[in-house]
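Protein chains: 2
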Amino acid sequence: MVKWFSRKPGRIEVPRLRSRADASATEKVALAEFAPDILAFLGRAAYVQLMIFENLSRVISTAPTTAAKTAIGKAAELSMAKHRKLVDEITKAGGSPAEVMDTFTNEVDQFDRIARGADWYESLISAYLSAGFFDDFYARLAAGLPTESHTRLVAIFRAESGEKVLAEFLQAAIDENPRLDSRLAMWGRRLMGDMMLLARSALVFPDHTRNTEAQVEPVFTELVASHTRRMDALGLTA
Amino acid sequence: MVKWFSRKPGRIEVPRLRSRADASATEKVALAEFAPDILAFLGRAAYVQLMIFENLSRVISTAPTTAAKTAIGKAAELSMAKHRKLVDEITKAGGSPAEVMDTFTNEVDQFDRIARGADWYESLISAYLSAGFFDDFYARLAAGLPTESHTRLVAIFRAESGEKVLAEFLQAAIDENPRLDSRLAMWGRRLMGDMMLLARSALVFPDHTRNTEAQVEPVFTELVASHTRRMDALGLTA
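If you read the protein sequences in the order shown, they are chains A and B.
Quick note on numbering: our numbering labels position 201 of the first sequence as 215, and the sequence is numbered without any gaps.
Quick note on numbering: our numbering labels position 81 of the second sequence as 95, and the sequence is numbered without any gaps.
For the record, the hints were derived by calculation from the structure and aren't laboratory data.
Keep in mind that a hint or two might mislead.
Identical chains share a label here; the pair holds if one copy fits it or two copies do between them.
Calculated lysine to aspartate or glutamate pairs in the EDC-like style (CA-CA distance at most 20 Å, straight line) [said to hold, decoys possible]: (1) 178 with 123; (2) 99 with 246; (3) 99 with 47; (4) 88 with 113; (5) 99 with 136; (6) 88 with 174; (7) 88 with 189.
Remember, it's a predicted structure, so these values are computed and weren't measured experimentally.
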């Protein structure tokens with residue numbers, strides 16, 4: 015077993031999402047205005063969560079060590095549980111889960127093909143960054159939904175996703191192989207663009223004026239800031 | 015979506031493992047005598063469980079419908095939880111999980127390469143049959159272990175594994191495509207042989223006399239009978 019997989023866990027401070035109380039009322043309103051209807055929101059979020067599980071399960075299958083498989087398994091288990099909770103919410107909201115999700119499969123699968131990356135490390139950092147990014151985005155979007163389910167939904171998105179263990183394996187890999195640093199930094203920047211596009215496509219803009227753009231901009235600025243903190247936690251330049 | 019994926023669930027009676035009370039004392043003793051030490055037992059069982067998860071996650075990634083992905087996701091989540099519980103038991107027994115499991119990776123990975131099969135249906139029936147078979151075998155083996163952990167271990171192996179949902183998708187596929195019937199029956203018979211070999215290799219025989227063979231035979235007869243019930247549940251000839 016190579017040295018960096020036997021490091022003790024617990025060194026890394028992964029920036030957690032801010033608690034609901036921290037989210038400014040302005041932000042909530044800004045997104046609420048452009049939120050899709052509840053079924054479209056849930057279908058997209060549930061399918062994105064399934065994609066995150068599939069990405070994690072590929073990371074497990076191709077992991078270089080048994081220790082990595084077991085540790086990352088925790089994140090896979092949590093992501094599947096999250097997917098299934100969102101599917102239950104689709105049913106509660108009166109939708110047929112597969113039908114509601116199928117509207118978004120092409121778009122999300124296309125993102126997934128990019129996010130897989132070229133090797134284990136790129137897949138791993140994609141899993142780490144995208145789980146954090148989409149939890150963050152959907153929690154903000156859910157907070158502004160006018161449905162009775164919004165408190166439950168925010169709790170689902172803000173629940174533990176196992177990103178700490180992913181960050182630990184990434185950090186260990188970067189420490190061991192300094193050339194990985196710049197490659198993963200570049201990969202993270204590229205992924206950021208694709209995540210932003212997928213996030214924006216969830217919003218319903220009545221018209222594309224500079225005014226509406228200006229309204230959602232603060233939210234996207236916050237998403238970028240959180241992404242930067244996740245990159246910083248690994249010592250990578252965002 | 016093809017018709018057979020929208021069938022209502024709940025038609026299939028999957029034979030459950032017998033409760034502990036049913037297992038005859040003779041069987042327990044028969045296996046206990048040939049049981050490996052606790053760490054070897056746990057390492058092998060934990061890694062087999064990881065393989066079952068990886069097989070299920072491949073089944074999810076290649077599933078023909080989103081409904082199948084979500085439904086089979088439940089089984090994947092349960093199998094990862096089971097793997098992680100077994101890993102915890104390795105730690106409790108004083109072992110280093112990855113080290114203990116790594117002794118068995120070659121042998122189990124070799125089985126896995128066979129069990130994947132040639133397409134989605136073969137992977138799916140492998141997941142269904144092997145989860146049932148190995149839960150059954152390890153529960154019997156654990157029942158005879160002389161350690162304080164044996165009650166906990168039997169409970170882990172006898173817990174829900176999601177095989178009902180796997181059986182439902184298989185049954186629907188067979189109903190829809192009658193030619194699948196004979197192919198999957200043949201596949202199940204082949205897999206049975208490989209599962210028996212992997213199971214037997216867990217036992218420690220002091221010598222290979224006809225006497226020791228005769229002692230474990232009743233247990234393997236029972237394993238075959240349970241396998242036959244799982245095949246019967248799908249209308250397949252074992």
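Tell me, please, which holds for residue 178 and residue 123 at an alpha-carbon limit of 20 Å: within, between, both or neither?
-> Neither: 25 Å inside a copy, 28 Å across copies.
With 20 Å as the alpha-carbon cut-off, assign the pair residue 99 and residue 136 to within, between, both or neither.
-> neither (28 Å within a copy, 29 Å between copies)
Residue 99 and residue 47: within-copy, between-copy, both or neither at 20 Å Cα | For residue 99 and residue 47, neither the intra-copy (25 Å) nor the inter-copy (45 Å) Cα distance is at most 20 Å.
Given identical chains, is residue 99 near residue 246, meaning Cα to Cα at most 20 Å, within a copy, between copies, both, or neither?
-> Neither. Shortest intra-copy (31 Å) and inter-copy (33 Å) distances fail the 20 Å Cα cut-off.
Residue 88 and residue 113: within-copy, between-copy, both or neither at 20 Å Cα = Classified as between; 19 Å across copies, 29 Å inside a copy.
Within, between, both or neither, where residue 88 and residue 189 count as close if Cα-Cα is 20 Å or less | neither (23 Å within a copy, 36 Å between copies)
Alpha-carbon proximity context of residue 88 and residue 174, limit 20 Å | Classified as both: same-chain Cα gap 10 Å, cross-chain 18 Å, threshold 20 Å.
Checked against the numbered hints above, the structure breaks hints 1, 2, 3, 5, 7 and satisfies the rest.
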